[in-house]
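Chemist: Input sequences plus hints: build the corresponding full structure.
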Amino acid sequence: MSRAPGRLVARWAVIAAAVVLWQVWARQQGSSFFPPPSAIAARMYQQWFSGPPSHLFLTPDAVGNVLPSLGRIAAGLAIAVVVGGVAGVAIGRSVALSGYLDPLLQFARALPAVTLVPVFIALFRLGTEMEVATIAFGTVWPILLNTIDGARSVDPVQMETARAFRLPGWQRLTRLIIPATMPRFFAGLRLSVSLALVLMVFAELAGSSNGLGYEMSNAESSFDMTWVWATIVLLALLGNVFNLLEQAVEHRMLGWHRGARGRMP
Amino acid sequence: MFPRRRTACIVAAGLATLWATAACGGSAQPSTSTSSTGTRLEKTHLTVGALPIVDDAPLFLAIKNGYFRQQGLTVTTQIIPQSTLAIPDMLHGTVDIIGTGNYVSFFEGQAQKTFSIRVLSAGATCTQNSFGILTLPKSGIKGPAGLAGKTIAVNLTNNIQTLTADTLLKASGVGPASVKYVVVPFPDMAAALQAGRVNAISVVEPFMTGAEQAMGAVPVMSQCSGSVSRLPLSGYFATAAWAAKYPHTAHAFQVAMAKAQAFADANPSAVQKVLPTYTKITAAAAPHIKLSYYPPALNPAQVQRVADLMLAGGLLKTPLDVRPLLFH
Amino acid sequence: MRDWVRLPARPAGPGRAAGASTPGGVAGPARPAGPGWSMPGWVRGVCGVVVFLLAAEAFGRADVINRAVLPLASTVLARAAGLAVSGQFLGDVAATIGAWALGLAIAVAVAVPAGVVLGSLPGVRAATRAMVEFLRPIPSVALIVLVGLILGPGLRMNVTLIVYAAIWPVLFNTIYGLDDVDPVARETLRAFGFGRLRVITLVDLPSASPFIATGIRLASSIAIILNISTGYLTGRISGNGIGAFIAEANTGAGNTSLVLAAALWAGLLGLAANAVLVWGERRVLRWHHSYSPEPA
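Residue numbers (our numbering), protein chains in the order written: chain A, 1 to 265; chain B, 1001 to 1328; chain C, 2001 to 2296.
Calculated cross-link-like contacts (lysine to any residue; reagent style SDA-like; alpha-carbon spacing at most 20 Å):
1) B:K1113 - A:T226
2) B:K1317 - A:A39
3) B:K1180 - A:T59
4) B:K1150 - B:P1137
5) B:K1170 - B:T1157
Chain C regions said to be covered by chain A (calculated; three or more residues, Cβ under 8 Å):
6) 2124 to 2130
7) 2135 to 2145
8) 2220 to 2233
9) 2260 to 2267
Under 7 Å between C-beta atoms, here's a sample of chain B residues computed to sit facing chain C:
10) L1085
11) A1086
12) P1088
13) D1089
14) H1092
Hints listed in this document are in silico derivations from the structure and should not be mistaken for laboratory results. Using N, Cα and C, we set each Cβ at its ideal position, and we do this for glycine too.
Modeler: Here it is as structure tokens:
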């Protein structure tokens, strides 16, 4: 489309304009709470990206703080995906079970993870274990609840057809139930991915000895506002990367699913 | 000095009240009255944020013995868990003065130009036995060398605890990078130590005696010895703008506190008596608490030591001259 | 922007539209298929809760985990009952509800018109898309100290953070909803000479309202959780709230039951807020085809 390049420019034009405006204003004002974007970018480079090429240009600080945080998010999400997905399908397919568990699950979902951090600190050791537990606990609910809903909504006609054809249970599962559940599952996953970032920051603010949230709390307690802003921008970047990754995975999986569904009778 | 004790402080709930508090800011209407030296005070009612630790005892003694009243001041205290948490309040006027805030945090903010402060009065200076690192006997850590590779709980990072610990560890030949610091509020430190979640804790009184008595914790390293012995730890801070706006009030506060500091230094029994009124220390436990020194006046050379230590420890990028920051 | 949960396109009964498909929805059990009595859904739910509590109590009494670390269910429930009559806790609950309500109201007041603008003007939408997408993932928790220093503690800071976090779901769902508006209806009214603004108020907004309502419910749960998290991190000095209460309750060992009791109430508060919004939604949107009382 000939309009596409124009659209692309327009999209980034606004961000660029905002950054330029901020730069000009900050230089003029000199407020320590709003350092100019040039200072923030320079700090980000110095703090995380000025390492040797052998380490992907990552500084020791980046390797020691950013990577552990990413690892914890990955671990927590992995647990949530497995538990939420498996339990979601199991509970969703059983009307009785979902009836028994629904209020409990709704309640657990409404529990702020922050209120349980003290308990997690007591149960697990300070640091990675507590953090992974917090992330896993907080992110499992959107996945679980959405998967339950997805599993409930399998087309009954297709189920009957499958039974009539005497499809074995596991085939019903893989060819019918799981594909039908996937769109809802991914809706939950989308929510959980952004939630994971929030929980990571929070868990590290509350008790950790390394990580991005720990670094942010260091920056805050030294009143180094440029550093604080650099961390905020890095968090925004990471969040965007996660969202893009999730969308890519979803697109792949659901594309396959759409194709598969097209072939189903 | 750096604890996060939470003591209930009931502020009126309700939307309207919260808005009023947030919107109006500051204390009661400033009314003038005269101090003991006859000069008119710009403001007579002060809200002072205070930490529930031994360093603040002179503040409460000043209230109890009427030193503020003599200067024409009425002081209300508000217990805060960490001095840095009260900084937004100070910047926006809901708190006038922060009591025994540690120098390091405030100097960092000053150097970063995030805010501009003045030190109105000295707070506490450390003593050998009231500030140090403890561990459990079964941990097998003997002396500073044993701390290499271990996890130490601190109340705040990038602060006096890590600064002094790093300095003394280096002096003992232990690389500070090998030690891991984790933030744990003071009241939770003993439990964390006992549960094995940390290997050692960096504490001040009264939490030191608390851990020693509750679980037989033993000292590993004093954080107030060698090059950092008798280091000024904390002071009473106000913003530069506030001090410029209320100079006579600030001076009256200074005079009252000087008297209180001298009194506290000379009368430890009075300090022990006042401790249970604003901390969780019981009257029975108070006599066992080891007290800090309470210098009556600000000593620029001593306070400069803190700034120099910060520069050496990498917390400051350029040297900071503290003399302009001391109010007189 | 294809982010938040969409309502099913086909008309569905109230159990579907407001059920577990949308986050935090009220439990909607399947209706009995044929004649005869089968257990009403809510009984099953109550059974589930009771069984869970009994199992938790049994687990606690078996002393698998130290009781100081994880107290008995009965202890927590007793503490929770005590909190219900504690003036201080009730004051904190009121403060949390107040901040939540104010923040949510402001977020809706800002996000819906913004969503209308972005949804109706494709040029503006394309232009601001990159910036909006970039800003959205920033966790409000990371902004607490910055906002606190700039704005000062208390309600201002709390409400600002809530507004920042709550705007996105409402904004995106408004845009979503406007995307789905039947173009024929729009064109018809335009053909009759109705101005742009009137078309929006007469067709677009009403048509998009179920989506907007879902967005508001999502924003609501975010708002409560954020308020409690902020309160926990900044403590009592920054104002009252359940978070400040939990921060205080969490001193030393042995107070885990108090923290869990406060957590219990926080969860119930979230459910109550959601239920209130669902009820309001049903009343206001009764006429909407997605909300027809008889199942389609």
